[in-house]
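Got two chains here, each in a separate frame; can you build the complex from them with the hints?
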Amino acid sequence: MPGVTRTLAVDLGADLVLPTPVMIASGCAGTGRELAGLVDLRKVGAIVSRSITAEPRRGAPTPRVAESASGLVWETGLQNPGIESFLAEELPRLTKSGTRVVVSIAGSSLEAYVRCTNALQGAPGVAAIEVQTTEPDDELERAVLGVHADRLAEIVGACARMATVPVFAKIPHAPSRVVELAEAAVRAGAHGVTLMDSPPALAIDAARLRPALGAVAGRLSGPALRPVTLRAVFEVSRALPGVPVIGVGGVGTGNDAIEMLLAGAWAVQVGTATMIDPAAPVEIAHGIARYLKSKNLASPADVRGRLRVPASFGVAGGAQHDAQA
Amino acid sequence: MKRARAEILSTRKLGAYQVLTLVAPEIADRARPGQFVAVKMPEGRDFLLRRHLAIHQASRRGGWAGTLELVVEPTGPGSTWLSRSTAHEFLDLIGPLGTGFSYPKRLTNCLLVSEGRGAASLYFLAQELLSRHKRVDMIVFGDTMDAVFKPIEAKRLSQTVAVVTADGTLGERGTVLDMLPDVVDRTGAQVVYAAASPSTLQRLSAFCRERSLPAQVVIEERMACGTGLCFACVVPVARKDGSGYDHLRACADGPVFNPARIMWDRWLSDEATMVPTPPGGLPVVRSWPG
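Chains as they are written, first to last, in the numbering used here: chain H, 937 to 1261; chain F, 187 to 476.
No lab work stands behind these hints: they were computed from the structure.
Nothing false has been slipped in among the hints.
Below 27 Å or equal to it, Euclidean Cα-Cα: the simulated BS3-like pairs (lysine-lysine) are:
| # | chain 1 | residue 1 | chain 2 | residue 2 |
| --- | --- | --- | --- | --- |
| 1 | H | LYS979 | H | LYS1231 |
| 2 | H | LYS979 | H | LYS1229 |
| 3 | F | LYS199 | F | LYS226 |
| 4 | F | LYS226 | H | LYS979 |
| 5 | F | LYS336 | F | LYS320 |
| 6 | H | LYS1032 | F | LYS188 |
| 7 | H | LYS979 | F | LYS188 |
Same shape as in the complex, but just chain F (with noise of 0.2 Å):
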């Protein structure tokens, strides 16, 4: 990884997001899919994190050579501040973190699956699956037309594109879910990748095992540094020998993991057992679950 001065080259509104292009030749030149970016905010501000965005392109050759693409969607005041940046600004970038997508040796068909701005680091896998003589198909997914990213950019680089909203503005309602064992059997899909809401990657991930289907996902779970420094950005990843699981940061460990590793009950169900406070006050927390 590298720390990199990046000069934002230019930047336009897409639908729900604002994509940023940055001159950063150290950091293209060794950026792959699934991987991702630290971005330093502005000094003096209450945001004082980094924040972590998916890489959505890096070119390497041709007239972009050394530049690098980031999709921004305007949530918090960090990525709001990020999306009202302006061209020939600079942005303090330390890149490429974490491990990318790894790719098939001899399966051919590929589906990738996405909701919203996760289609940013899987449009950048297609190209580099097309380039290896992959079979690529597509399932995106926006909650509403605006938040589809780049349908037309999903049509040139797929042989099929299944594109779905919650509220069917753009393609059909419905969800991701729902599309895809139609999807599967319809394009003799023999590896699944995905960057899509935890909910969604967890009903993905049981799918996927029952039909045995090898599969690869880029998940979010709350960074603080993004470089593996403060685990922070934890999830249960079971131990391949079956010994257990351990925590791993998504960060440095991930954010592509095995989905069938995931233990995606311990993760996401915090939610379920969520209780007020009690009358005799918090409990004291040192170490879950122990």
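Here chain H stands alone, though its shape is the one from the complex (with noise of 0.2 Å):
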């Protein structure tokens, strides 16, 4: 194919195309003026924002992080200034940056996610709403918010009628029943999935009895989620064709962002590797291109669900396995 014109962007459908396939996570972007200086952010797929709630919250105790074996053990508590104060002074600040806003958005309640959207109805600059739903149900007493597939709906659905931009549902980290939950969001009106939220995690400081981080309990990025988003992406794209699916866990270099694409992710999100290389979703995006030329394929898209199965393996693959183990 002489003369191809390659792009590295990618059309998620509903006026949304992205420069890059690479976007940060959200909780990896600072308050949007962090990240200058240390990256080109309109070479940056988008930007998700921190998980903003209707009212400010202050966030966890310290030490809000641990190292572990191939990934981070942290809670954060979702510090942040609340809605009215993000859309006041943080998002103006991120969308200055020349790159595409997506807000996430997060809450215990369904009054928490309406006030929100509500908040960002015409709100100039943002791309996109990310559905946070990993917080606990005050109102149904629940651990998860979201991974009960009849509150997801609800949540998701009421947040994408309201919504002026179209809106990623953030499937809450249950590899077993994402498939489920993935198809009640998008049933419920949700443009696309993101896959998934961190799971659930503990760190412990032996020597001095005491859990490592100051909230107690806390969750897990890094690495060693790849090969678990891997296959929820997989699993996820087979069951839902044409759902635009975000790949976010363990992402850090090109080839992990092909390895995503070619499971049926049509972007990936970048989180504990922009912590440690504010560059790393420009490098990630380098990397997605050298591939392209080196396979002499046009676009991002073309690499999409590309992944190459025996015929005999069925269309809900993971769930078949399942049954018969």
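In structure tokens:
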């Protein structure tokens, strides 16, 4: 294919076109000014804001982070200024950087999500909303809001009906039910899904007989998550063809991102790697470009879901395997 | 802040510490005392995060122009790896990070109080204060003789130095706080700068408030990114208007803070209230204190 015009842009539908398929994951982009000078944000696919709640939150006590083999255990307790202050101060800074901004919202009740989505209606510079549902459910008194398909559909559906931009549902870490949850979110009106949120984790300081985190319980991020994310992306993208799937968890290199795309992701988000290397999202995009060139492909969409699996492997392959086990 | 691939010019052991000299002109040109750099760890290890080291020296002129000195105390896997790195290896640095110390305009007598590796940034500060014709006095503490960082350098930089060790192997035996009242009286200190453990800083803060001494302290809270992205290294700091407090990031909003505004009890209280895991399991922690 001589003379092929190569592009890194991806079209996520609903007029949402990203310059590259590499986004910065929620909670890893500060307040909008920290990354300037270390990375050209116009070369980042999109920035997902830290999760914003209806009311301000001070967050968890310190220490908020501990290292473990191949991953970080952390709990920041969603420190954020609340939706009103975010819209007044942080969002303009984020949008000024010239990148696309996806606003992550979180809450513990339906009302909290509705308030956030309502406030975001018509907010300038918001490309999409990511609905994070790994918070405890105060109304139904459950530990995690979004792992129940009906509740997830209720929350995501309410946001999708009110939002003036596409809504992505960030599915909580529930690998064995990720297809069911993604289907519920999409049926309720989500434009796409982000797979998956960080799993619960615990870090221990054995010498002091104490948990390593001030919040006691935390969540895991980093390279350890990648194989789990890959399978979730693989299963959901096969079960829901045509639905934009964003893979998040352990992506650190161009090759990692290519694996996600091959499994069926439309785009990826980079979290822990951005904290170590602010330029990682751009370097990962370069890696994707090199792969496209080596395979003589025109765009990331040409890689999407191109994993070659045996014909005998069923559509809902993972589920079948589980049934046999 | 800049990102740089910096060559290690030399590395030498000084007591309990390893001092690295690096070539990083872009960072050295901008560095101020109190600021730090984030050093990337090697690929493929179990320690992922950058390590955050105070800038001990940044030379802008002379034969060492463009170099940066960092002090490594090998306490964990990352710092141990760093302390074993050799000359001509390259390190990936981001810096200078954080806010530096500010210098007094009118007041002249400065007391610099350090524990262990905290001395690294205070010696850099001492040079800047001296160039502004301030009087510098020091209290330098180490657990043992080995942990007292460059006592001779301390002597060179200051009018008087009180060296203190926990075991009495060098200088007086005791703590920083034991020395503080006498040294303040003797030197006529008007401003206090400190880099020490949180518990020492807490007591130093109380002392300074009692004596109405303005102070600036460098605090250490566990960091993840060091660049302000992740909100891991927060400290509760009272608002100026007294309407409450905010969790400020040690990396981006500090690490230099006015100790009078740090809510020490809130910051350091988890130790006392820690209880064993209840039989019903771990509580769901969302937001603390709400």
